[in-house]
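The chain contents come next:
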Amino acid sequence: MGGPISGGQVSALKCLEVGELEERLKMLEAAVRSQEVPRVSDFDLDLDADEDPEPKELTP
Amino acid sequence: MSQAKRASDVEEKNLSPKEAVILWMKEARQFDSLRSYGCWLAEQPLDAYPLVRLPKQITAAVRSQSKGVQEEKLRHSLRRSQKDVLFLFYVCEHFNTRTIEEEEIRVLKLALLQQRLLTLLYGTYCQDRDRLDELDHLHDLSHSPNGKRKAEAQALETEIMNWPRDEALFWGEISALLEAERLLSERYFSGEPLLFPDTARELRETLTALERLVGTYESIPEGRPPQSQEGFVRWLAGEKDPPSASSSGPNSESDRLRPNPQRTARAIAEHIVLMARAEALADMGDRSASVGLIRGWLRAQDSN
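If you read the sequences in order, they're chains V and D.
Numbering follows our numbering, in which position 43 of the first sequence is assigned residue number 43; successive positions increment by one, without gaps.
Numbering follows our numbering, in which position 262 of the second sequence is assigned residue number 262; successive positions increment by one, without gaps.
Since the hints were made in silico from the structure, they are not lab data.
Here the structure is a predicted model, which is why all the values come from computation and not from measurement.
Calculated lysine-lysine pairs in the DSBU-like style (CA-CA distance at most 35 angstroms, straight line):
| # | chain 1 | residue 1 | chain 2 | residue 2 |
| --- | --- | --- | --- | --- |
| 1 | D | K13 | V | K26 |
| 2 | V | K26 | D | K56 |
| 3 | D | K56 | V | K14 |
| 4 | D | K13 | D | K56 |
| 5 | D | K26 | V | K14 |
| 6 | D | K73 | V | K26 |
| 7 | D | K67 | D | K26 |
| 8 | D | K67 | D | K13 |
| 9 | D | K148 | D | K109 |
| 10 | V | K26 | D | K67 |
| 11 | D | K73 | D | K26 |
| 12 | D | K109 | D | K26 |
| 13 | D | K56 | D | K67 |
| 14 | D | K56 | D | K73 |
| 15 | D | K109 | D | K150 |
| 16 | V | K14 | D | K13 |
| 17 | D | K13 | D | K26 |
| 18 | D | K73 | D | K13 |
| 19 | V | K26 | D | K26 |
| 20 | V | K14 | V | K26 |
| 21 | D | K26 | D | K56 |
Facing chain V, a subset of chain D residues (Cβ under 8 angstroms, in silico):
| # | residue |
| --- | --- |
| 22 | P17 |
| 23 | L23 |
| 24 | K26 |
| 25 | R80 |
| 26 | K83 |
| 27 | D84 |
| 28 | F87 |
| 29 | L183 |
| 30 | R187 |
| 31 | A269 |
| 32 | E270 |
| 33 | V273 |
| 34 | A280 |
By construction, the Cβ of each residue, glycine as well, lies at the ideal position given by its N, Cα and C atoms.
Chain V extracted, bound-state conformation (with noise of 0.2 angstroms):
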């Protein structure tokens, strides 16, 4: 307890902090499926799908 840090120890923080790095990478590809803007907003897209989506506003 409280003794100097090992380059062992270093190595093993760093390992993990790049791990954690690419869970979250990997999260955030995952969240980012596709980046085309879509023509309804989700507040306004009805919960049909095979509805002709129409650029219309439920308000303004």
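Use these hints to put chain D onto chain V, whose structure you have.
Chain D alone, transformed into the frame defined by chain V:
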């Protein structure tokens, strides 16, 4: 570009409302339950709260993608994105809250079905034993049961008929919730699950418990003597009775009674969407539009 820079670049400048909410859902679901996520959140700075963080992320993304865009157009884009992100957040939040709020009722309903099944098993055992005991004492196979015994037997038969109907209704409620999650998830979240893992687990485990109870229920007619005295005599003599309608095959009764959950699922999903829209509008300061949505829904409910 370093991984750290890539991550922060994507997170801070490129997320659409849907992507930002999906990312938040992925992070929150790592806590297994809404409760543990809430406990963790309570210890965090204000910026970690989804209703603070998500609109901030979206504003930064819209601004970074709209350089050189006219101020009025930018304001419109910002408002639209804010409304979208709030709406999607509330869809997820309302669906989880609704499902969790009903958990205690589900636990009690399952316990009640279990208890009723136990009573059924005990009742059938007692009834069959009484018939045998009576034979031992009377040695008269043409003897018919007294009024009290007859009423008890009738009540038992009614309960045998009612149990699978109530089980099927309960099964329908849970299946409708799972189907509503699927509808919302596919429509608004690219298939990302909405429920926290422990809530989804609870629903699946309840369905498994119901399957087990149905298995036990289906076993009741097996080995029971026939109701008619003549059948009872043949049964005592070791002759087989022709199969009755209630023992025509495993799961036949529950399968026949179980409702299609699609309609209820749709109603649940539509209600969640309506409430999420109303809440998003209220948060955007548009209270009259928010109240208007709810009023319209109430009027539609009244006319149905």
